[in-house]
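K.L.:
Residues per chain are reported as follows:
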Amino acid sequence: MLSLLKRIAKTGIVTEPAPGTDDMRREIDRLQDEVLNILGRALTIREVDAGSCNACELEIHALNNPYYNLEGRGIKFVASPRHADMLLVTGPVTKNMENALKIAYECTPDPKLVVAVGDCGCGCGEIGRLFGPNYATVGPVEAVLPVDVKVPGCPPTPIALMQGILAAVRTR
Amino acid sequence: MRFHAEPIEFTRQPGVGAPIWRGQTADREDWLRFAISVHRHAGRLCALWGSDERCSGGGFRVHAVFALDEGWPYLTLDLPADDPVYPDLSGIFAAANRMQRATYDLVGIRHDGEDRRPWLRHGGWPADWFPLRHDANHPPAHENLPSDYDFVQVGGEGAHEIPVGPIHAGIIEPGHFRFTVVGERVLRLEQRLGYQHKGIECRLASADFATGARLVGRVSGDSTVAFCWAYADALEAACGVTPPPRALALRALLLERERVANHLGDLGMLGNDAALAFGLSQFFRLKEDWVRLNAQVFGHRFLMDSIVPGGVAVDVEARHLAAIVTQCESIGRAVKELQRIYDEHSGLQDRFLTTGPIDARLVRELSLSGMAARAAGVLLDARCHRHGYAPPPPWNRLAVRPASDERGDVAARVAVRFAEIYEYLRLIRLLAADMPAGEIRGTVEPVAGAAGVGIVEGWRGEVIVGVQLGADGKIARCHPHDPSWQAWPALEHAVLNDIVPDFPLINKSFNLSYSGQDI
Chain A
1 MLSLLKRIAK TGIVTEPAPG TDDMRREIDR LQDEVLNILG RALTIREVDA GSCNACELEI
61 HALNNPYYNL EGRGIKFVAS PRHADMLLVT GPVTKNMENA LKIAYECTPD PKLVVAVGDC
121 GCGCGEIGRL FGPNYATVGP VEAVLPVDVK VPGCPPTPIA LMQGILAAVR TR
Chain B
1 MRFHAEPIEF TRQPGVGAPI WRGQTADRED WLRFAISVHR HAGRLCALWG SDERCSGGGF
61 RVHAVFALDE GWPYLTLDLP ADDPVYPDLS GIFAAANRMQ RATYDLVGIR HDGEDRRPWL
121 RHGGWPADWF PLRHDANHPP AHENLPSDYD FVQVGGEGAH EIPVGPIHAG IIEPGHFRFT
181 VVGERVLRLE QRLGYQHKGI ECRLASADFA TGARLVGRVS GDSTVAFCWA YADALEAACG
241 VTPPPRALAL RALLLERERV ANHLGDLGML GNDAALAFGL SQFFRLKEDW VRLNAQVFGH
301 RFLMDSIVPG GVAVDVEARH LAAIVTQCES IGRAVKELQR IYDEHSGLQD RFLTTGPIDA
361 RLVRELSLSG MAARAAGVLL DARCHRHGYA PPPPWNRLAV RPASDERGDV AARVAVRFAE
421 IYEYLRLIRL LAADMPAGEI RGTVEPVAGA AGVGIVEGWR GEVIVGVQLG ADGKIARCHP
481 HDPSWQAWPA LEHAVLNDIV PDFPLINKSF NLSYSGQDI
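Which chain is which? The protein sequence lines are A and B, in order. Be aware that the first sequence starts at 1, since it is given in the working numbering, and climbs by one per residue. Be aware that the second sequence starts at 1, since it is given in the working numbering, and climbs by one per residue.
Calculated directly from the structure, the hints in this document are not laboratory data. By construction, the Cβ of each residue, glycine as well, lies at the ideal position given by its N, Cα and C atoms. Certain hints may be false.
[Unchecked claim] Label-pair ranges, simulated between beta-carbon atoms:
1) A:VAL78 x B:ARG40: 46 to 56 Å
2) A:VAL14 x B:ARG386: 37 to 47 Å
3) B:ARG340 x A:VAL78: 33 to 43 Å
4) A:ARG129 x B:THR242: 31 to 41 Å
5) B:ALA81 x A:ARG170: 55 to 65 Å
6) A:ARG129 x B:GLU114: 34 to 44 Å
7) A:SER80 x B:ARG319: 46 to 56 Å
8) A:VAL14 x B:HIS385: 22 to 32 Å
9) B:LEU145 x A:ARG170: 37 to 47 Å
10) A:GLY72 x B:GLY170: 45 to 55 Å
11) B:LEU145 x A:ARG129: 25 to 35 Å
12) A:ALA9 x B:GLU406: 33 to 43 Å
13) B:GLY170 x A:THR11: 22 to 32 Å
All chains should be built: construct the whole structure from the sequences, respecting the hints.
P.N.:
Shown next as structure tokens:
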């Protein structure tokens with residue numbers, strides 16, 4: 001136990017300023033206020049993998065590491081879409097996940113936000129084209145759900161994901 | 001070369017990759033007999049897939065890669081176009097079951113066994129339409145309705161089912177788990193996968209080499225290096241190209257970096273799943289440091305697209321090699337400290353010890369490879385010397401020391417991960433200190449009609465890619481195989497008699513790929 005506490009003390013707080021410069025940081029503080037104004041509480045996200053290769057998920061995991069510390073900024077991943085304000089969806093949406101994704105969307109209470117993640121989920125770039133619709137996939141997320149913000153990248157970096165999540169909140 | 005006095009003649013595939021022995025048979029009896037013989041000699045079934053050869057005047061073909069001490073026999077069986085049925089291997093190798101069902105869903109060639117349930121086809125396309133047939137064209141109009149699946153029913157007093165998924169509670173890929181429990185105790189787990197099926201093999205048909213590399217590199221995002229290397233190996237063997245020594249050393253460096261990244265993440269997740277959030281924070285911090293250096297040196301946090309047919313796409317400067325060595329030292333020190341904390345944490349060890357056990361006999365019956373097999377006392381690693389087997393370069397000069405554990409439980413899979421991290425860091429330092437000079441990439445000229453198989457020890461286990469080129473020199477058929485195919489059924493066994501709340505921990509201790517299996 002002592003070594004554990006020592007490790008914690010030695011590590012200290014490694015959380016970095018949110019993406020970009022100090023201006024950006026002020027912007028994020030403002031956005032956090034907006035989140036509170038719009039939602040009356042912290043933002044909750046249900047992540048749905050609708051057909052990715054798992055690389056997008058690895059970067060979404062990284063959002064919760066101490067450097068990005070998303071939860072410390074009042075943004076939290078939840079288990080049920082019924083508790084979520086936002087769906088963070090990776091793709092390409094497979095035929096085998098199409099129905100489950102639609103059900104998750106139906107279960108999410110209004111007002112709800114949808115953020116499409118990755119080149120496959122956004123249908124952009126060379127990788128988005130290579131993973132376009134075929135017999136097994138419906139296409140990008142917007143082929144199934146109304147999308148508020150797209151976060152391209154293969155996979156998008158945690159910084160890009162944070163920016164996308166915050167941009168989506170600003171649309172409301 | 002013949003194996004165990006079986007009549008099939010095998011020839012060694014050219015090239016510098018893992019030793020692969022190619023053989024062909026038109027005889028269904030020989031196919032079955034060879035499989036029985038491999039099983040009798042404690043061999044494994046590594047991969048099985050089908051192809052449509054009708055446009056080159058043949059019928060259909062079923063392909064299988066087995067493993068023996070001497071290497072990997074790769075056997076094909078030609079099937080007539082009007083009767084594409086082959087002998088069921090699932091009675092010999094349980095791992096054949098899902099691969100054979102997937103082969104039917106995609107190519108429409110059938111095994112003669114009993115289990116005819118679809119595996120990858122859930123209802124998204126018609127049952128009599130097969131995407132990997134050359135005359136398949138566009139799928140007919142079809143309503144995508146979820147289909148019922150014939151789960152094995154368990155009866156008896158107090159037995160009830162818990163369906164989980166396809167969408168799980170965390171940030172994780174989709175799949176369905178059907179538990180049958182009595183009280184909290186798990187009596188049976190049956191998986192239904194295929195939710196991530198995105199038709200990658202169909203996308204690979206008629207792709208050029210570079211496009212193929214991008215697609216294969218996205219079969220499973222956490223194993224992109226292993227898949228790209230196996231794909232490059234297969235093409236290089238097919239086209240008679242030997243990559244320059246610097247490229248091979250860089251590939252090994254990339255692969256070891258991929259392993260360390262995954263192990264760091266898993267050790268954090270395993271702590272977290274046993275309610276030690278401290279572990280998640282600490283290991284994820286280390287993982288972030290690790291992937292940031294990847295981005296700095298190789299241009300991509302997960303090293304995607306860095307291995308290409310003929311060599312590698314990125315070179316490393318001397319100052320970057322120095323940074324890599326320095327980082328190995330600091331990460332090694334931090335992991336040692338964290339291991340001490342994990343080892344001494346009684347709450348954590350209480351959750352890990354005796355949870356989710358598999359034994360060496362099960363490992364062999366399920367043809368399991370890789371980390372989970374080593375954690376159950378079966379020392380399989382394509383990079384290591386063992387009796388009758390010399391690993392391919394650059395492993396042959398590195399003398400890789402495999403880690404193993406006899407216990408087969410979650411604690412063993414944690415212990416093996418720790419031990420492997422130290423070994424991988426040692427290998428990375430060796431590779432960085434002795435990096436051959438010279439070119440990093442040769443050209444691969446397509447050879448019409450050529451074929452090859454590549455096998456690379458990924459962080460989970462054996463990653464296999466089989467490639468067949470067409471008359472136009474493009475890819476006619478490419479099959480990427482993830483070791484998760486064999487390991488998913490092992491998870492079904494590992495949870496038996498544990499309680500449902502232990503499932504997330506057991507699942508994470510294997511950390512299998514959904515996308516890699518569903519392709």
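K.L.:
Hint by hint, say whether it matches the structure.
P.N.:
Now for the hints, and whether the structure bears them out:
Separation of A:VAL78 from B:ARG40 is about 52 Å and conforms to the stated range, judged on CB atoms against 46 to 56 Å. For A:VAL14 and B:ARG386, the hinted distance range of 37 to 47 Å is satisfied, since their beta carbons lie about 42 Å from each other. Hint check: B:ARG340 to A:VAL78, Cβ distance near 34 Å, so the stated range 33 to 43 Å holds. Judged by the Cβ atoms, the range 31 to 41 Å given for A:ARG129 and B:THR242 holds: they are separated by roughly 33 Å.
Separated by about 59 Å at the C-beta atoms, B:ALA81 and A:ARG170 satisfy the suggested range of 55 to 65 Å. Between A:ARG129 and B:GLU114 the CB atoms are about 42 Å apart, so this pair conforms to the stated range of 34 to 44 Å. Restraint check, A:SER80 to B:ARG319: a C-beta distance of roughly 49 Å satisfies the suggested window 46 to 56 Å. For the hinted restraint 22 to 32 Å between A:VAL14 and B:HIS385, the CB-CB distance of approximately 41 Å leaves it violated.
Restraint check, B:LEU145 to A:ARG170: a C-beta distance of roughly 38 Å satisfies the suggested window 37 to 47 Å. Between A:GLY72 and B:GLY170 the C-beta distance comes to about 19 Å, which lies outside the given range of 45 to 55 Å. The supplied range of 25 to 35 Å is met by B:LEU145 and A:ARG129, whose beta-carbon atoms lie about 29 Å from each other. Here the CB-CB span from A:ALA9 to B:GLU406 is close to 37 Å, well matched to the stated 33 to 43 Å.
With their beta carbons about 24 Å apart, B:GLY170 and A:THR11 fall inside the hinted range of 22 to 32 Å.
Comparing the model with each numbered hint stated earlier shows that hints 8, 10 do not hold.
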